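Q: Residue-level listing of the chains:
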Amino acid sequence: GAVVSQHPSWVICKSGTSVKIECRSLDFQATTMFWYRQFPKQSLMLMATSNEGSKATYEQGVEKDKFLINHASLTLSTLTVTSAHPEDSSFYICSARLTGVHINTQYFGPGTRLTVL
Amino acid sequence: GEDVEQSLFLSVREGDSSVINCTYTDSSSTYLYWYKQEPGAGLQLLTYIFSNMDMKQDQRLTVLLNKKDKHLSLRIADTQTGDSAIYFCAERAETSYDKVIFGPGTSLSVIP
Numbered sequence: 001g002a003v004v005s006q007h008p009s010w011v012i013c014k015s016g017t018s019v020k021i022e023c024r025s026l027d028f029q030a031t032t033m034f035w036y037r038q039f040p041k042q043s044l045m046l047m048a049t050s051n052e053g054s055k056a057t058y059e060q061g062v063e064k065d066k067f068l069i070n071h072a073s074l075t076l077s078t079l080t081v082t083s084a085h086p087e088d089s090s091f092y093i094c095s096a097r098l099t100g101v102h103i104n105t106q107y108f109g110p111g112t113r114l115t116v117l
Numbered sequence: 001g002e003d004v005e006q007s008l009f010l011s012v013r014e015g016d017s018s019v020i021n022c023t024y025t026d027s028s029s030t031y032l033y034w035y036k037q038e039p040g041a042g043l044q045l046l047t048y049i050f051s052n053m054d055m056k057q058d059q060r061l062t063v064l065l066n067k068k069d070k071h072l073s074l075r076i077a078d079t080q081t082g083d084s085a086i087y088f089c090a091e092r093a094e095t096s097y098d099k100v101i102f103g104p105g106t107s108l109s110v111i112p
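Line order of the protein sequences matches chains A and B.
Just so you know, we're using the numbering used here here: the first sequence kicks off at 1 and counts up by one.
Just so you know, we're using the numbering used here here: the second sequence kicks off at 1 and counts up by one.
Honestly, the hints are just simulated from the structure, not real lab data.
Note that the structure is a prediction, hence the values are computed from the model and not measured.
One thing to keep in mind: the hints can contain errors.
[Said to hold, decoys possible] In silico lysine-lysine, PhoX-like type, Cα no more than 20 Å apart, as pairs:
id	chain 1	residue 1	chain 2	residue 2
1	A	LYS55	A	LYS20
2	A	LYS66	A	LYS14
3	A	LYS41	B	LYS36
4	B	LYS99	A	LYS64
5	A	LYS20	A	LYS66
6	B	LYS99	A	LYS55
7	B	LYS56	B	LYS68
8	B	LYS70	B	LYS56
9	B	LYS99	B	LYS36
Please model the complete structure; the sequences and the hints are all you need to start from.
A: Structure, rendered in structure tokens:
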């Protein structure tokens, strides 16, 4: 149980275009999902906390107009990188929080590799 | 502030035990986690420990917590080549219900 999927697993796009990444909790409902960014050989950096039915909470330094988050249902959150530039190339990982007996642990998706040309 | 540190690299021979160490600064941490990340993949939760425990064992994995020194370790017994990965230590503070702080990750290489 507690499976989280992401789509696509990798994407290459041209500079200036927008890219949408989906995060789904497959076998549980998640009122809270998280979006992380990971640079090569570095740790995860929390970008934002996505709450179902409300606005996302962004970490300091993360541009909310550039990284649009929508959490429209209890099983789906999307991250849209708008007007992508080469410096946005990174590994984006989402997680979903499983509440209750599992101590509110986050379960992670497999990640999405974004390359902006 | 909250900070988690780990040694960046560890190399062990197959069959030996691996010990990955982690230190954290937030004394209010309530849950501490170990995640495993294989190349090009997301993070897999390996195990977790409550701050009121000092040890937890789960098959080949043993987690030791020294709350006084804010030191956490993960021991992998009989290390296999499939254990080669990056291991992240993470903490969640009581004051930050949702926020989990990750360490930089320890890259474990298992030599056949």
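Q: Which constraints among the numbered hints does this structure fail? Numbers only, ascending.
A: none
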